[in-house]
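Participant: Now for the letters of each chain:
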Amino acid sequence: MSLSDCLGLMDRRAVLALGGTAAAAALVGPAGATDLYGPKPTGAKTGGTLNMGLLVEPPGLDPFHQAADARIRLTVLIYQGLFYESPDGQAMPLLAEGFDLSADRLVYTVRLRKGVKFHTGQAMTAKDVAYSYNYIRDPKNGSPGAGDFGMVQSVEAVDDATVKITISAPNAALPMTLGNKYGGVVPAGYFDAADAKTKLNQASVGTGPFKLAEFKPNSNATLVRNPDYWEPGVPYLDRINFVFVPNGASLLVGLRNKRVDIATLTRPQDVRQVEGVAGLVVERSPSFNQKAIDLGAELKPLDDERVRRAIALAVDKDEIMRASIGGLGKVIGTMVAGMQDSWGVPLDKLPNQKLDIEAARKLLAEAGHANGFDLTLTSIIGYDWMDAAAVTLREQLGKVGIRLTIQRVELGVWVKNFQSKQMGFTFNDWATVPDPNLLFYRHFHKAPEGADFRNWKNDEASRLLDEGRVENDPAKRREIYHRYQQVMATSVPTIMLFSADHVVVRNDKVRNYVQHPTGWYYGLARAWLA
Amino acid sequence: MGAYLAKRLAASIVTAVLASVVVFLLVRSVPGDVVGQMLGQTSDPVAAKALREFFGLDQPVWQQYLGWLARVVTADFGTSWTRGQPVLGMVWSALGVTLQLAFVTLVVATSIGVPLGVVAGIYEGRWLDRLIQTFNLLGLAAPVFWIGLMLLVGVSAAFDWSPPLMYVSPAESLAENLSIMALPILSLALLQAAAYSQFVRQSVVSAFGQDYVRTAIAKGVPTRIVFFKHVLRNIAIPLITFMGLILIQILGGAVIIESLFALPGLGRLLLSSIETRDYPVLQAGLLVVVVIAMLVNLAVDLLYRIIDPRVRLS
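In order, the protein sequence lines correspond to chains D and U. 1 is the number of the first residue of the first sequence in the working numbering; add one for each residue after it. 1 is the number of the first residue of the second sequence in the working numbering; add one for each residue after it.
For reference, chain D alone in the conformation it holds in the complex:
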């Protein structure tokens, strides 16, 4: 069953119930266990080892200090938070059973799931939850998740099964924040030991369906079934062997020769090399990933909105997508493909999305650049799609007189520029979890509340982002984010180009694997081997 099938099975209205944990004293119902991690399979067999090929090796498995997406993909199977980020944007109770929200929407009283044990064997209590979230939200502990938890004022254990979370202002995205990316729960006091951080690469202390058995750099990471997992009968696989394969050619050969049972491709177009191979199944699904062009307003003439709009009007997104990933994705406007249905404004309702060379030239002339100007585009070495996209973009911008020089930099250099808000004109590639607040706020809200990496400094956008964060009514919230996207599309701090599809290639003996649009491997918890 593909992801789109899975989405079809879920109640679309449930999407809008997000945040609709809403109004005052709302109550989340019993855990939606049927949908956690994907659809429940019929006729599933238990046992077996699944070999999954990974093209990007996780640099480490520490869910508290390591932000790399390659880490998160795996560790969501090991560590769990209070909520689960369902593919359609619902924060579903995971280690929580439900919560009550105070009338002023500032206090969440969370009831914990019973019978949850850590991989160490000890029972999980509210103290562990309070400890983990207090650890992560204290920036002095060096967690990349600290920013997401900035609105949390306190986390207290009321009794063994109840946690009280107090926030400084209403925040509809809080449940989504308490997920698994950074919201994992570990035993209280875990980080007191000096070697605690490094030990996370050798033994897991989470509550997830799988436990870490082995992590060998440049070779493999092996997870084994957690026999004490709180949901009976899950997971189905005895063992998952993640094999780190450093290049696409070896991975494709491995898939053909059954050395690898399943893999997601980082270059979607590589799928053409295995299409039609007997015994292999290919599945495509929308993602929360976005390939974008950022326009840092610290760089002249990008500080002029007319220039940014002209660039947007000169870009043919579809052509760039076809050149860089063979068209295996979706052109986007202001929202990633996986969230377009739930949160996105239709592309034809947004300004500056359609190619219009004449309008672009006119805008440039108005801005005093009738003869165009020179501009440097930064792309990142190792991100294959950027090379073809850069050449295509140079051709496109050349038509309005913008002479593009392509500069390829190493990721470390790029990250440094980004963090210091000196990004200039650059390609970007990032993913999000299914909530517009988590997608937009930190990136685009004015400092100091947001990081405003593109130096956009847009008052109206910041006001709308504040409103969207506070609003709990799903319909009103959607309306606010629609208005925000209009502002964004008009002012163009970034041009979202497209979301590359997740392309999963699997042996047909692998059943019921559903790819989560984040790219994380939740689906392995419900996959089984025929």
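Note that these hints are calculated values from the structure, not bench results. Warning: the hint list may mix true and false statements.
Claimed, not checked - Computed cross-link-like contacts, EDC-like style, restricted to lysine to aspartate or glutamate with a CA-CA straight-line distance of at most 20 Å:
1) D:140 with U:33
2) D:216 with D:69
3) D:258 with U:160
4) D:416 with U:211
As the list claims (entries may be wrong) - Ranges between beta-carbon positions, derived for each pair:
5) U:4 with D:406: 51 to 57 Å
6) D:430 with U:159: 55 to 61 Å
7) D:202 with U:202: 49 to 55 Å
8) U:130 with D:279: 58 to 64 Å
9) D:47 with U:74: 43 to 49 Å
10) U:161 with D:48: 56 to 62 Å
11) U:66 with D:166: 24 to 30 Å
12) U:130 with D:422: 57 to 63 Å
13) D:370 with U:293: 34 to 40 Å
14) D:279 with U:293: 42 to 48 Å
The beta-carbon is built from N, C-alpha and C at its ideal position, and this holds for glycine as well.
Let chain D serve as the given structure and place chain U on it in line with the hints.
Facilitator: For chain U alone, coordinates are given in the frame of chain D:
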């Protein structure tokens, strides 16, 4: 000999320390750091500062270096910043894979390249020589990643077989290890065999051109005797030097081959450590590479003396 060895070893230690300074400075001069990599695009400045302090990156570079050196002399290479495992163990296990790759490749390349070079040299200008020279030319012109890729894809297409993607040491299973290592070794060995063959051919041709060899042939000494008694001895020393160079070249080529065939060797470890800015692993790994290069040079010099006692060691 003993005094020479002691002198060379002392010089090697000084070189290794100097190399460690260069390595340390080079590693630190790469833009970005482990904290940027760990925290990603949207990190919190306070969190970044905290992690920087945790890793000691807030200290001046010279202080970081001295601290590192003090630990290294007690054989404490620290812990990997990203993988949390002891650096020494990581480098040691990766080195085992790379050395197996390098030495077996050396043996295979020598076994193919030297006979080919000798035959080409003896039959200089004839069709056999031209055939071997064509092989040499192709081997030298083709990049190692291309040879590896062609072997991988070609073998897979022809036999529906590819090497396992998870490394197994020879101690665990020799057969499994060989099935993993065969294609990577062959990829590297084909290139190096061509280099060998070309080098040996030139040496043989040049040795056959020497007056005393021509005299021996003119006197009716059989070519076989002339070859083993005069020519082979003449090319032995340059061949040893060449072997040293080849070994170091193989270690360089291993970076690419290890990445192509998913071997957990030193080259791949260094590459991934550069990407994550895992300084302790990088420093230890690069230092090991420097030490290996020095040991190979030393071994070559000592072999000179063993093969030709006229060579004076000083």
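Participant: It remains to establish, for every hint, whether it holds in the given structure.
Facilitator: Okay, the hints, checked on the actual structure:
1. D:140 with U:33: holds (18 Å)
2. D:216 with D:69: Holds, at roughly 18 Å.
3. D:258 with U:160: With a Cα-Cα distance of about 10 Å, the restraint between residue 258 of chain D and residue 160 of chain U holds, given a limit of 20 Å.
4. D:416 with U:211: violated (66 Å)
5. U:4 with D:406: 51 to 57 Å: With Cβ atoms ~55 Å apart, the hint holds.
6. D:430 with U:159: 55 to 61 Å: Between residue 430 of chain D and residue 159 of chain U, where Cβ atoms are some 42 Å apart, the hint is violated.
7. D:202 with U:202: 49 to 55 Å: holds (53 Å)
8. U:130 with D:279: 58 to 64 Å: violated (46 Å)
9. D:47 with U:74: 43 to 49 Å: At 48 Å between Cβs, range holds.
10. U:161 with D:48: 56 to 62 Å: Violated - the Cβ-Cβ distance for residue 161 of chain U and residue 48 of chain D, about 23 Å, lies outside 56 to 62 Å.
11. U:66 with D:166: 24 to 30 Å: violated (47 Å)
12. U:130 with D:422: 57 to 63 Å: holds (59 Å)
13. D:370 with U:293: 34 to 40 Å: Between residue 370 of chain D and residue 293 of chain U, where Cβ atoms are some 59 Å apart, the hint is violated.
14. D:279 with U:293: 42 to 48 Å: About 47 Å separates the Cβ atoms of residue 279 of chain D and residue 293 of chain U, which means 42 to 48 Å holds.
Going through the hint list in order, the structure does not satisfy hints 4, 6, 8, 10, 11, 13.
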